[in-house]
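K.L.:
Each chain is listed here by its residues.
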Amino acid sequence: MSACISLSEPLPQAPAPEETSLALRLIELTQAGLPLLEDPWAWLGEQLDLSVESTLDLLKRLQAEGAIRRIAAVPNHYRLGYRHNGMTVWDVTDADMPRLGALLGAQPFVSHCYRRPRRPGWRYNLFAMVHGRSREEIDCYREHLRYLLGDACAAEDMLVSSRILKKTGLRLSPSLR
Amino acid sequence: MDDLDRRLINRLQLGLPLVRQPWQALAEELDSNSSDLLDRLHELLNDGVLTRFGPMFDIDRLGGAFTLAALAVPEPRFEAVAEQLADMPEVAHNYRREHAWNMWFVLACPSEQAISDTLLRIERLTGLVPLNLPKEETYHVGLYFPV
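Taken in sequence, the protein lines are chains A and F.
Just so we're aligned: 11 in the numbering used here is position 11 of the first sequence, and the numbers increase by one with no gaps anywhere.
Just so we're aligned: 1137 in the numbering used here is position 137 of the second sequence, and the numbers increase by one with no gaps anywhere.
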C-alpha cells in the first residue's frame, strides 16, 4: 500500500524498527486516550521507561515521520450537529489528478481525500468526504467541488450515508502487538 | 457548552503542542489555566461531546493493510449481509449509502494477503463480488469540525 502522505510534504523517512516497537507500545498505552494529567509526558515516560525529554523527542520524531498525525481531540460529530456526510466521487483525468487531489483535499469541509482505482462498473478515481449540518450544506459543498474541478471532471456522484452498520474504530491487530 | 469549551474543542482538534508543558502553553493561548482546561476536557469526554483525546496514529506507517470496499446488496438481503459483515473482526466500519453500491466498509488486516483472503471470504459468504478500492494516494486526512 502506498505511503500515507500529503503531496505537499517531502517523503518522510520510515521509522526505525526500535522506534516502531516503541510506537506500538505507545499505541497500546494510549489506545483509550492520553491521561488527562498536567504532565502527560512524564506519565508516558514512566510507562515507556524513558526520561521526559526522550519521551517528548520520541513523540516529535514520530510526528515528523508521520506515524503520529497529532495528539488531538476527536469530536463526536453527530453531537456537534454534523449529522450529514457525503462521499463525493469524481472521474477526473489522470494527468490532472495530483493537482486536483491536492485542491479538493485543501478545502476545509473535506475530511478525507484519496485517489482510488477505477474498476469495471466503477469509473470514479477521486474521493472526497464532506460533512455538514444539513443535506443542503453538503449539496452546496459538492457544488463547490464540481466548480473547482471544472472540465477535468467527466462524471461525478455523491453517496450519502444513511446508516452506520458497524463502527469499531481501528483496533491493533494481533500480529502487530 | 460555553465559549471557552468551544475554543478548547476547536483548538484540541488541531493537536496538543509538543512542548514540555503543553497544558500551560494551551492555557496561555486560550487565556485560561491548565487545571480548568483539563477539567473541561474531562467533562467533554464524559459527556460524549468528544469521543477520544490522544495520539492519532497513521497505522499505515507502522504496518497493517487497509482497503475500502463495497457491495451491491439486494434490498431483501441487506440486513442479513450487514450482520455477516458485523461478525467479521476485519471489518472496521460499515455504512449504508444511497447508491446501487449500497454497503461500504473498511477492512483492516495485518497484510495485503489477508485483505485479499478476507475479500474472497466475503464473496463466498455472501455470493456477492466486492468492489475493492484501496487508496492509491492520500491528499488529505483531517477531521475538523469547528463549533
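Treat each hint with caution, since some may be false.
Cβ-to-Cβ under 8 Å is the rule here; a few derived chain A residues that face chain F [to be verified]:
#1 L22
#2 T30
#3 Y114
Bear in mind the hints are in silico, worked out from the structure with no lab data behind them.
For every residue, glycine included, the Cβ atom is placed at its ideal position computed from N, Cα and C.
K.L.:
Determine for every hint whether it applies to the structure shown.
P.N.:
Now the hints, each set against the structure:
The interface hint given for A/L22 is violated, since its Cβ lies 11 Å from the closest Cβ of chain F, which is over the 8 Å cut-off. Interface restraint check for A/T30: the shortest CB-CB distance to chain F comes to about 5 Å, inside 8 Å, so the restraint holds. Given hint, A/Y114 at the interface with chain F, holds; its Cβ is 4 Å from that chain's nearest Cβ, closer than 8 Å.
Violated hints amount to a single one, hint 1; each of the other numbered hints is respected by the structure.
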